[in-house]
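Under the working numbering, the residues of the sequence shown are numbered 4 to 87, in order.
The hints are simulated quantities; they were obtained by calculation from the structure and are not laboratory data. Because the structure is a prediction, the values reported are computed rather than measured. Heads up, some of the hints might be wrong.
[Unchecked claim] Straight-line Cα separation of at most 20 Å, PhoX-like style, residue types lysine-lysine; simulated pairs: (1) 87 with 42; (2) 87 with 44; (3) 22 with 87; (4) 36 with 87; (5) 21 with 87.
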Amino acid sequence: MSKHDNNIITNAAPHTIKKFELIEAYVDRWSRKILEFDKSKGVIYIDCMSNSGVYYDDQGNEIKGTPLLVSEIIAEAMTRYTDK
């Protein structure tokens, strides 16, 4: 990709896709653990290394990146813990 290309959707290598899967599993368990704690008031997730929210895999399929996966997991968790 040239430095002047405005296209923010990039290809995700297989190891990057595996990273997405691992983060998705971790955040799902982590958010439930935090939200089940009586003194918890909610969840704050900060990812200083996330890139674009959408990628393409090697077959050209659109896949969700870390920002979208995490926001969807936490949004879904908050539907179960409405008092937080």
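Practice prompt. Verify the proposed pairing of residue 87 with residue 42, using a straight-line Cα cut of 20 Å.
Written response: 9 Å, holds
Fill in: Restraint status (C-alpha distance of residue 87 to residue 44 at most 20 Å)
Answer holds: residue 87 to residue 44 is near 5 Å, not above 20 Å.
Worksheet entry | Holds or violated: residue 22 to residue 87, with C-alpha atoms at most 20 Å apart | 29 Å, violated
Worksheet item: Going straight from one Cα to the other, do residue 21 and residue 87 come out at no more than 20 Å?
Response: Answer violated: residue 21 to residue 87 is near 31 Å, above 20 Å.
Discussion item. So if I understand the rule, the pair passes when the alpha-carbon distance is 20 Å or less; does residue 36 with residue 87 pass?
Written reply: 13 Å, holds
The structure shown violates the earlier hints numbered 3 and 5.
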